[in-house]
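Undergrad: Each chain is listed here by its residues.
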Amino acid sequence: MTEQASMRFDLQIISSWIEDGSSVLDLGCGKGDLLAFLRKNKKVKGVGIEQDEEKVACAISKGLTVLQGNLSEEVHDYPENRFDYVVLSQTLQQVYEPAELLQELVRIGRKVIVSFPNFSHWGVRLQVILTGRAPKNDQLPYDWYDTPNIRVITMKDFRLFMKNIGVCILKETAINTHHHDIHGHIVRFLPDWRATYGIFLVASCPGGQCEPD
Amino acid sequence: MTVDRSGRKYFTFAEPPEQIVLESGSRLGPITIAYETYGQLTDDKSNVVLVEHAFSGDSHVASHKSDDDEAARPGWWDSMVGPGKGIDTDKYFVICSNILGGCMGTTGPTVENPATGKPYGLEFPVVTIADMVHVQKKLLDHLGIKQVLCVIGGSVGGMQVLQWCVSYPGMVRAAIPLATTLRHSALAIAFNEVARQAIMADPNWNGGAYYEKSLPEMGLAVARMIGHITYLSDVSMRRKFGRRLQDKSDFSFNFDADFQVESYLRYQGSKFVRRFDANSLLFITKAADYFDLKGSDGQLLNILSRSEIRFLVVSFTSDWLYPTYQSRELVQALKKNGLDVSFCEIEADCGHDAFLLPNTRLDSLIAGFLKGVVEND
Chain A
79 MTEQASMRFD
89 LQIISSWIED
99 GSSVLDLGCG
109 KGDLLAFLRK
119 NKKVKGVGIE
129 QDEEKVACAI
139 SKGLTVLQGN
149 LSEEVHDYPE
159 NRFDYVVLSQ
169 TLQQVYEPAE
179 LLQELVRIGR
189 KVIVSFPNFS
199 HWGVRLQVIL
209 TGRAPKNDQL
219 PYDWYDTPNI
229 RVITMKDFRL
239 FMKNIGVCIL
249 KETAINTHHH
259 DIHGHIVRFL
269 PDWRATYGIF
279 LVASCPGGQC
289 EPD
Chain B
39 MTVDRSGRKY
49 FTFAEPPEQI
59 VLESGSRLGP
69 ITIAYETYGQ
79 LTDDKSNVVL
89 VEHAFSGDSH
99 VASHKSDDDE
109 AARPGWWDSM
119 VGPGKGIDTD
129 KYFVICSNIL
139 GGCMGTTGPT
149 VENPATGKPY
159 GLEFPVVTIA
169 DMVHVQKKLL
179 DHLGIKQVLC
189 VIGGSVGGMQ
199 VLQWCVSYPG
209 MVRAAIPLAT
219 TLRHSALAIA
229 FNEVARQAIM
239 ADPNWNGGAY
249 YEKSLPEMGL
259 AVARMIGHIT
269 YLSDVSMRRK
279 FGRRLQDKSD
289 FSFNFDADFQ
299 VESYLRYQGS
309 KFVRRFDANS
319 LLFITKAADY
329 FDLKGSDGQL
339 LNILSRSEIR
349 FLVVSFTSDW
359 LYPTYQSREL
369 VQALKKNGLD
379 VSFCEIEADC
389 GHDAFLLPNT
399 RLDSLIAGFL
409 KGVVEND
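Protein chains in written order, with this note's numbering: chain A, 79 to 291; chain B, 39 to 415.
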């Protein structure tokens, strides 16, 4: 298995969006898989933020630059446009103040990449309708009482949210993943129904003019 | 170059009239620095790791591979420095020197004042962390080393690490300040002041002029006891001693050491008296209290904004002498200056001492970070 193929599928898509030699802030970077990949294959200068001590230690031991801390607090210290890209992968659904955070991210990053599990997948919808239970699947493996996912987001909701807080969507991709999220494909037909994850490239839009990437 | 039985080497400079000017404006010279080295210096001199010891340490950071018992005796950071260890002496050339004002071979209050022919005592000038780093720079110049791969140290050693970055940013490629601070809190100054008062209250201290008489042993022992308390934590003391009694099943109903914790502190105090000088403790604690890189506007750290130094900052959860919030303050200042900084707060319940104790997480952090610095150039 190649290095890229062993990385989570949404991270494979995200890394394909990042230009060579750019600077990247990876929020909730875990053990630094994405940063290590970008450093090796795209000459990216990366910084990660992660809360879990063990994961932080693992990432630093790989020679990556990683800060242990709460991402909502750590982002405040950076000046405007400090990074070419800020990546928030599969974390938005766990953030307490998503609007505040997104505004901060488009301030410190020229472009921001956000990925999250799509709660409007047909399987999720059917589970709620047919079983009457809160959805539980590969992407959302938790029970309602112990889930870190405090936000229920659909791709449609996210588009609206970006409009409301005045952030431009430059690009979006819907993906369908399976097998521990390592494999997957891009969904072009009925993405809101068929995607397990949505990935968006967004940026602040001075003057309210969005220019798609 | 002189190398003594214990593995120490010595470098003497600043012979009058070439004395160095200290931060206080006083002049000092001649100055001897005791230092030890481990591993091999590469031809391009690019593999130097400079280790800074904490306040009561010395140049003997690790044991030497030697037939002489003195040189082979355990070092204060054997768990970290050595072949195949976190700071791998098969790869890196490690230098550790005793600090200015100390009493382990480098010039300090115990050495002879050339003006009087007697030990300096309190006539030794008050030195600062910047002065300690200044004389280390002279040592590196003497060794022909123009840049160090990394400067690392904990506690007062961590202060020297930060001071190196501010004083000589171009000479440092990477820095690892452990369990340290940008400046002493009131709490840290308070403990140091109590330690100093304990020494000065000992009648044997005699205004610092005790070298040919009885030493202020009781004062120095009490100062060490206070220090030891600040290096531990509530949890580690509960685990280590609890309320257990020492070699008895009931209270003695007098003022002997009843509890194990009392006996431990007395033992640590008396052990310390045999190896450390009371005046040195006064000078070093003062230097630590004066240290302040924050200033009123953080300007000192701004000097670093043009440097390329990579930082790894590490704190420990139960360290109440230099708590994590102080390391975070440092991290924040470095981030704002656009510096490359990594930070990890290691879960450890043994207090400030944690940075000196064997810890596989710290080993792998440091080994990996150093490797990254070497490779990403």
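To be clear, the hints were calculated from the coordinates, so they are not data collected in a lab. Even for Gly, the Cβ is constructed at its ideal location relative to N, Cα and C. Heads up, a few of these hints could be off.
[Unchecked claim] When the alpha-carbon atoms are kept at most 25 Å apart in a straight line, the in silico SDA-like pairs for lysine to any residue are as follows:
# : chain 1 : residue 1 : chain 2 : residue 2
1 : B       : Lys374    : A       : Gln181
2 : A       : Lys133    : B       : Phe293
3 : A       : Lys123    : B       : Leu394
[Unchecked claim] Listed next, the stretches of chain B that the computed footprint assigns to chain A, with coverage defined by at least 3 CB atoms under 8 Å from CB atoms of chain A:
# : region
4 : 315-329
5 : 369-375
6 : 401-411
Undergrad: Determine for every hint whether it applies to the structure shown.
TA: Quick rundown of the hints versus the structure:
1. Lys374(B) <-> Gln181(A): Distance ~19 Å between Lys374(B) and Gln181(A) Cα, so the pair holds.
2. Lys133(A) <-> Phe293(B): violated, 50 Å
3. Lys123(A) <-> Leu394(B): violated, 32 Å
4. 315-329: Result for this restraint: violated, n = 0.
5. 369-375: holds (count 4)
6. 401-411: It holds, with 8 qualifying residues against the three required.
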